[in-house]
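Enquirer: Chain by chain, the residues run as shown.
2 protein chains.
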Amino acid sequence: MYKKLFIPGPVEVKKDVLEKMATPMIGHRSKEASELQRSISNKLRKMFYTKEEILLSTTSGSGLMEGAIRSCTAKRAAVFSIGAFGDRWYDMAKHNNVQADLYKAEWGKAININELDRALSTGRYDLVCVTHNETSTGVMNPVDEISQTVKKYPEVVWCLDTVSSMGGTKIEVDKLGVDICLTSSQKAIGLPPGIAACSFSEKAIERAKKVPFRGYYLDLLSLYEYIQKKDYQYPSTPSLSHMFAMDYQLDKILEEGLENRYNRHLDMANYVREWAKKHFELFAEEKYLSNTLTNIKNTRNISVADLNKELGKRGFQISNGYGSLKEKTFRIAHMAECTLDDIKELLDNINDILNL
Amino acid sequence: MYKKLFIPGPVEVKKDVLEKMATPMIGHRSKEASELQRSISNKLRKMFYTKEEILLSTTSGSGLMEGAIRSCTAKRAAVFSIGAFGDRWYDMAKHNNVQADLYKAEWGKAININELDRALSTGRYDLVCVTHNETSTGVMNPVDEISQTVKKYPEVVWCLDTVSSMGGTKIEVDKLGVDICLTSSQKAIGLPPGIAACSFSEKAIERAKKVPFRGYYLDLLSLYEYIQKKDYQYPSTPSLSHMFAMDYQLDKILEEGLENRYNRHLDMANYVREWAKKHFELFAEEKYLSNTLTNIKNTRNISVADLNKELGKRGFQISNGYGSLKEKTFRIAHMAECTLDDIKELLDNINDILNL
Chain A
1 MYKKLFIPGP VEVKKDVLEK MATPMIGHRS KEASELQRSI SNKLRKMFYT KEEILLSTTS
61 GSGLMEGAIR SCTAKRAAVF SIGAFGDRWY DMAKHNNVQA DLYKAEWGKA ININELDRAL
121 STGRYDLVCV THNETSTGVM NPVDEISQTV KKYPEVVWCL DTVSSMGGTK IEVDKLGVDI
181 CLTSSQKAIG LPPGIAACSF SEKAIERAKK VPFRGYYLDL LSLYEYIQKK DYQYPSTPSL
241 SHMFAMDYQL DKILEEGLEN RYNRHLDMAN YVREWAKKHF ELFAEEKYLS NTLTNIKNTR
301 NISVADLNKE LGKRGFQISN GYGSLKEKTF RIAHMAECTL DDIKELLDNI NDILNL
Chain B
1 MYKKLFIPGP VEVKKDVLEK MATPMIGHRS KEASELQRSI SNKLRKMFYT KEEILLSTTS
61 GSGLMEGAIR SCTAKRAAVF SIGAFGDRWY DMAKHNNVQA DLYKAEWGKA ININELDRAL
121 STGRYDLVCV THNETSTGVM NPVDEISQTV KKYPEVVWCL DTVSSMGGTK IEVDKLGVDI
181 CLTSSQKAIG LPPGIAACSF SEKAIERAKK VPFRGYYLDL LSLYEYIQKK DYQYPSTPSL
241 SHMFAMDYQL DKILEEGLEN RYNRHLDMAN YVREWAKKHF ELFAEEKYLS NTLTNIKNTR
301 NISVADLNKE LGKRGFQISN GYGSLKEKTF RIAHMAECTL DDIKELLDNI NDILNL
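Line order of the protein sequences matches chains A and B.
Position 208 of the first sequence, counting from 1, maps to 208 under UniProt numbering, and the rest follow consecutively.
Position 222 of the second sequence, counting from 1, maps to 222 under UniProt numbering, and the rest follow consecutively.
Wrong hints could be hidden among the right ones.
Identical copies look the same in the list; a pair holds intra-copy or inter-copy alike.
What the hints assert, rightly or not - Using 30 Å as the maximum straight-line C-alpha spacing, the simulated DSSO-like pairs for lysine-lysine come out as follows:
no.	residue 1	residue 2
1	104	175
2	229	313
3	109	287
4	4	31
5	230	4
6	14	31
7	31	297
Simulated from the structure, these hints should not be mistaken for lab results.
Keep in mind that this is a model prediction, so the values were computed, not measured.
Please construct the entire structure, taking both the sequences and the accompanying hints into account.
Expert: Right, dumping it as structure tokens:
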């Protein structure tokens, strides 16, 4: 049975966008393929607020996370984790023999800016990894404050994971000074999973040139150099289906207007937060709540599994807590093409099931 | 304008299969997602003639090529190249600091079995990479002979690139003793690009356990372990769209019957070869001609670019030669759902354009 998804990716994808996934194939070494990717890159630059090059990768967001930390760490990486996806970045470093240290915040808290400043001031690091929006906890990190700190250390390449926030909230890449801002298709951008994108700054390019073993498929520098040389074509065959759908969906996003889109996301977030505070508690600290996902403490000790099963019968799906939080929290994503009316309908159903 | 593709991938994809790419999303941590992948793996096992586990990767075939050589070389890899894609495997080793040697055949020739035997007999290698079907040259390597040689060296993990042959010709993985047989969606299997698959033998699993730095996204062992632990779910979000389409297309392939499918490919290959020999010459040595693609020497000194432009106006697309062969050869792919009638229609048009 079809279920409307309120999980933190894959999100609900609109029918007209899904239909673009069924576009007939073209040669990936054709002029049309070059034009398709150039068009996508230009539109993504608007969403990223950047003049830098945009790279596409036929992978999940994890592929580009690994590509970023491996391609651009010459000395040592500082991974500032606020949850599961921050920890993943550190794992990737370890599995690639990239020197790195892990700085962990308590789950539900944002990054500790003083700790960030102290770490970078040691001069040990030439790259820092930060998760913008952590779906395991529902925290959205304060990028403006982080930017002020990172900018004090011009040697440091800043990688920002915006997998679950780009397209749902404003992230001004060039103004913030982010060197590699990466995201994925299946979250606030509103596409099926299978393609990821990142910006790639001059500083990142120069850094990568100093890293000897960057791998092949996920090497950001060779991706960059290839699309320069080959007029926006890729070293290996990309997912053209996702590219057709992305090109179309980005038009729709720009037609809605980026500011309107961010406001819609904030309205949904505010509505879910109010509901959550009335009936439960919020997991993340109030100052750093995510605009695309709300993580709710299960203070009523309901069975989250049963709630989701009952919602499933009614055609909705939410998420349980992440990992060990499985029954301790539940998560409602409010991202991509989801509307306030969709959210109200979902919460009315939860109210009805739980007799709230 | 829409063009029917006779290029060595992406291939023409049937409308009903394309429509499956537009299936609405499901959660990738749901029971449905587990069932979807289990179903795909079971069907791929039939096509691979294997009892081993099948891994899927949201990448092009290059992603799994890199994963194979990096995950399973503990000592040193011997890369036996017969063209551009064999060379690529060696590049991947170098970019990952994997110790490797490159053995190159002259373009148009198959692997030198004596050289393979000599190389492996040195005991220097614990992994060997072989391209089954090389689209840059039109050669299909003799896997039976290779198998007899590789089997003499039980320490050696055998990686076979069947990106452009699996589904178009019989490759009996277990009987041949291939440890990692990898393929991609956009060739003889008849799907859009964006997903790759490989078999993964017990020997490969045990080998990978001895390799310390296997990376993350392309690490075959962690993929394997994750799907065992998590009931056929993936560490990161896979391309569900491709999985829906693959599950459907594999049913269609099995309905056609694998032997029928191989015979259809052989019939098309024979027809193109006869035509090529009548009007041009074949690039590859006669004994090792590919069943899925024919590479034709431009003995008439035609402009391949002009021919393709004229074909384009009539709704067809073939390939020029690979790399430096650009105008020296042209390539006609006859794979996936292409029929003998499609091939006849194409060649009639070429005859007409070139006044043959």
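Enquirer: Now tell me if each hint is right for this structure.
Expert: Okay, the hints, checked on the actual structure:
1. 104 - 175: Intra 26 Å, inter 50 Å, cutoff 30 Å: intra-copy only.
2. 229 - 313: This pair counts as between: shortest inter-copy Cα distance 28 Å, intra-copy 52 Å.
3. 109 - 287: Classified as within: same-chain Cα gap 9 Å, cross-chain 66 Å, threshold 30 Å.
4. 4 - 31: between (38 Å within a copy, 16 Å between copies)
5. 230 - 4: Answer is between; shortest inter-copy Cα gap is 24 Å, intra-copy 41 Å.
6. 14 - 31: Answer is both; intra-copy 28 Å and inter-copy 23 Å each pass.
7. 31 - 297: between (52 Å within a copy, 25 Å between copies)
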